[in-house]
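Asks: Chain by chain, the residues:
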Amino acid sequence: RKEVEQDPGPFNVPEGATVAFNCTYSNSASQSFFWYRQDCRKEPKLLMSVYSSGNEDGRFTAQLNRASQYISLLIRDSKLSDSATYLCVVMEYGNKLVFGAGTILRVKS
Amino acid sequence: DGGITQSPKYLFRKEGQNVTLSCEQNLNHDAMYWYRQDPGQGLRLIYYSQIVNDFQKGDIAEGYSVSREKKESFPLTVTSAQKNPTAFYLCASSDYTGTGGPSTEAFFGQGTRLTVV
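Those protein sequences? They're chains A and B, same order as listed. Quick note: the first sequence uses the numbering used here, first residue 70, plus one each step. Quick note: the second sequence uses the numbering used here, first residue 10, plus one each step.
If you're looking for bench data, these hints aren't it; they were derived computationally from the structure. Any given hint could turn out to be false.
Pairs of lysine-lysine residues, derived as BS3-like cross-links and limited to a Cα-Cα distance of at most 27 Å, are as follows [stated by the list, open to error]:
1) A/K111 / B/K92
2) A/K71 / B/K66
3) A/K111 / B/K23
4) A/K111 / A/K165
Could you put together the complete structure from these sequences and hints?
Replies: The structure is reproduced here in structure tokens:
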């Protein structure tokens, strides 16, 4: 079983749509959780950290369920500029930073 | 400006040669990482280092070596034992918070594209 699993997509959605990505992780001792965004042929950049209480940043909402070892990202009112690969990232005990394979989002006009 | 610098941006290697990829950070971060990314794939962890003079193997360490003699530097050597080295290599760093503490985000360099010719 992979340490971090994501649905690879692609998710093809119209502008203005709401889209949700899910991620599961296998190591129950994992400490920190993040969503990163990667554009084609670029380095990943932090989208948002994920906290146990859930957190929101504008159109983006992240949720963490430690009991189910599950992380989610919700994007509301999708924009063309949201098209990218979204990476679920888990910091395991001992600072091992593990990435999921990524979910591709394509927003179309 | 603080950040991570990887060099070179593009690197061409002949079969059988060792090459070293540079990664330097001035963020004063303790933890540093090397990842490999193949086209259409996610990031796979090669090596990581929590502190100077210490490093651990990641999931795909075979054919690679690293050193961490200085806090700001974490070079990666791709040896001739790596059979398929053509890939995009990314270096990252983050704060080390020790046991039980939350870790801050990881910052990435712009990557090195290695091609075997």
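Asks: A separate judgement is required for each hint: does it hold in the structure or not?
Replies: Against the structure, the hints:
Between A/K111 and B/K92, the direct Cα distance comes to roughly 25 Å. Compliance with the 27 Å bound is thereby established for this hinted pair. Note on A/K71 and B/K66: the hinted pairing holds, with a Cα-Cα distance of about 17 Å set against a maximum of 27 Å. The straight-line distance between the Cα atoms of A/K111 and B/K23 is roughly 25 Å, inside the 27 Å bound, and the hint therefore holds. At roughly 22 Å between alpha-carbon atoms, A/K111 and A/K165 fall within 27 Å of each other, so this suggested pair holds.
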